[in-house]
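Residue numbers (the numbering used here), protein chains in the order written: chain Z, 794 to 905; chain H, 170 to 290.
Keep in mind that the hints were calculated from the coordinates and are not lab data. For every residue, glycine included, the Cβ atom is placed at its ideal position computed from N, Cα and C. Hints may be right or wrong, so weigh each one.
Unchecked claim - Derived lysine-lysine pairs resembling DSBU-like cross-links, with alpha carbons at most 35 angstroms apart: (1) Z:Lys828 <-> H:Lys226; (2) H:Lys246 <-> Z:Lys828; (3) Z:Lys817 <-> Z:Lys828; (4) H:Lys226 <-> Z:Lys837; (5) Z:Lys837 <-> H:Lys234; (6) Z:Lys872 <-> Z:Lys901; (7) Z:Lys837 <-> H:Lys246; (8) Z:Lys901 <-> H:Lys234; (9) H:Lys234 <-> Z:Lys817; (10) Z:Lys872 <-> Z:Lys905; (11) H:Lys226 <-> Z:Lys817.
Said to hold, decoys possible - Which residues of chain Z face chain H? A partial, calculated answer using Cβ under 10 angstroms: (12) Tyr830; (13) Leu831; (14) Gln840; (15) Arg847; (16) Phe853; (17) Gln888; (18) Arg892; (19) Leu894; (20) Thr895; (21) Ile904.
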Amino acid sequence: DIVMTQTPLSLSVTPGQPASISCKSSESLVHSDGKSYLYWYLQKPGQPPQLLIREATNRFSGVPDRFSGSGSGRDFTLKISRLEAEDVGVYYCMQSFQRPLTFGGGTKVDIK
Amino acid sequence: DVQLLESGGGLVQPGGSLRLSCAASGVTFSIDGMGWVRQPSGGGLEWISGINNNGNKAYYADSVKGRFTISRDNSMKTLYLQMNSLRAEDTALYYCVRQVTASGDDASDVWGQGTMVTVSS
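Taking the hints into account, I'd like the entire structure generated from these sequences.
What follows is the structure, encoded as C-alpha cells:
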C-alpha cells in the first residue's frame with residue numbers, strides 16, 4: 794500500500810498569515826497521463842471532509858483562491874496564503890493512484 | 170444540490186451484521202462511481218470500498234475484504250454496504266461518498282454526513 798505522510802501534525806496560525814502543509818507519498822503518484830493523483834481535503838469540526846484540491850494542483854469548484862496545491866511525484870504541498878477563521882480543522886492528503894486509496898494522518902490547523 | 174443520506178448504522182455485537190444504505194439526490198447517480206470511507210472517533214480516514222457506475226466492478230480494502238459487500242441500485246439512486254462478521258475495530262463513522270469519476274476507485278468530491286456503527290457486546 795502507498796503510505797502518505799503529512800507534516801506537521803499540527804499548526805497554529807495567526808489570522809491573515811500563511812500556512813503550509815507537506816504530504817509525501819511512499820511511491821510516485823504520477824500517472825502515464827501526466828497527472829499526479831493527489832487530493833487535499835479539509836474536515837472542519839463536526840463535519841465530513843470537503844474536497845479542496847484535485848490532481849495535486851487544481852482547486853475544486855467553489856474553493857477560495859487562497860488555497861493552492863503544488864508538487865508532483867512523491868512530494869506535495871498545500872498552501873493557504875492568508876488563513877481565515879473558517880479554515881480551522883484537519884487537513885488530509887489522499888492518493889488515488891493505486892488501490893487501496895490511502896490517506897495521510899492529517900494536520901490539525903487552528904488559530905493562534 | 171447534491172446530497173447523500175446514510176442510514177442503517179447502530180449498535181451490533183461482534184460477529185453480527187449490518188446493512189448500510191446511502192440515498193443520493195441531486196445527482197444522476199448512474200454515471201457516478203461511489204464508495205464508503207470510515208473514520209473511528211477521533212481518528213483518521215480509511216477508504217474501505219468503491220463501486221463503478223454500472224455496479225459490475227467493486228473494490229475493497231484488505232481490512233474488510235471477504236466480510237463487506239458493496240452494491241448499488243441505480244434505479245433507486247441508492248448505495249449499500251452489507252457488513253458481516255463485524256469486529257470491534259469496525260467501530261467508526263461510515264461516510265458514503267460520490268467519486269470524481271465513474272471508475273469506482275477514485276477520489277471523492279461529495280460526502281454524506283455519515284452513519285455511526287458501533288460493534289460491542
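Structure-based check of all given hints:
1. For the suggested pair Lys828 (chain Z) and Lys226 (chain H), the alpha carbons sit about 23 angstroms apart, so the restraint of at most 35 angstroms is met.
2. This hinted pair checks out: Lys246 (chain H) and Lys828 (chain Z) have alpha carbons roughly 31 angstroms apart, not beyond 35 angstroms.
3. With a CA separation close to 16 angstroms, the supplied pair Lys817 (chain Z) and Lys828 (chain Z) stays within the 35 angstroms bound.
4. Between the alpha carbons of Lys226 (chain H) and Lys837 (chain Z) the distance comes to roughly 32 angstroms, so the proposed pair stays at or under 35 angstroms and holds.
5. Taking the CA atoms of Lys837 (chain Z) and Lys234 (chain H), the gap is about 30 angstroms. The hint holds against a cut of 35 angstroms.
6. Straight-line distance between C-alpha atoms of Lys872 (chain Z) and Lys901 (chain Z) comes to about 14 angstroms, which keeps the hinted pair within the 35 angstroms bound.
7. At roughly 28 angstroms between alpha-carbon atoms, Lys837 (chain Z) and Lys246 (chain H) fall within 35 angstroms of each other, so this suggested pair holds.
8. At most 35 angstroms may separate the alpha-carbon atoms for a hinted pair to count; Lys901 (chain Z) and Lys234 (chain H) meet this at roughly 31 angstroms.
9. This hinted pair checks out: Lys234 (chain H) and Lys817 (chain Z) have alpha carbons roughly 27 angstroms apart, not beyond 35 angstroms.
10. As the CA atoms of Lys872 (chain Z) and Lys905 (chain Z) are separated by approximately 17 angstroms, the hinted pair is consistent with the 35 angstroms bound.
11. A threshold of 35 angstroms between alpha carbons decides the hint, and for Lys226 (chain H) with Lys817 (chain Z) the separation of about 29 angstroms falls inside it, so the pair holds.
12. Checking Tyr830 (chain Z) against chain H by beta carbon gives a least distance of about 7 angstroms; that is within 10 angstroms, so the hint holds.
13. The beta carbon of Leu831 (chain Z) comes within 9 angstroms of a beta carbon in chain H, closer than 10 angstroms, and the hint placing it at the interface holds.
14. Checking Gln840 (chain Z) against chain H by beta carbon gives a least distance of about 8 angstroms; that is within 10 angstroms, so the hint holds.
15. Here the hint on Arg847 (chain Z) is kept, as its CB sits about 7 angstroms from the closest CB of chain H, short of 10 angstroms.
16. Of the supplied interface hints, the one on Phe853 (chain Z) holds, with its beta-carbon coming within about 7 angstroms of a beta-carbon of chain H, less than 10 angstroms.
17. A hinted interface residue such as Gln888 (chain Z) counts as satisfied when its beta carbon comes closer than 10 angstroms to some beta carbon of chain H; here the least separation is about 9 angstroms, so the hint holds.
18. A cut of 10 angstroms between beta carbons decides the hint on Arg892 (chain Z): the least distance to chain H is about 5 angstroms, and the hint holds.
19. Among the interface hints, the one on Leu894 (chain Z) holds; its C-beta lies about 4 angstroms from the nearest C-beta in chain H, closer than the 10 angstroms criterion.
20. For Thr895 (chain Z), the shortest C-beta to C-beta distance to chain H is roughly 7 angstroms, which falls under 10 angstroms, so the interface hint holds.
21. The interface hint given for Ile904 (chain Z) is broken, as the beta carbon of that residue sits about 20 angstroms from the closest beta carbon of chain H, more than 10 angstroms.
Checked against the numbered hints given earlier, the structure breaks only hint 21 and satisfies all the rest.
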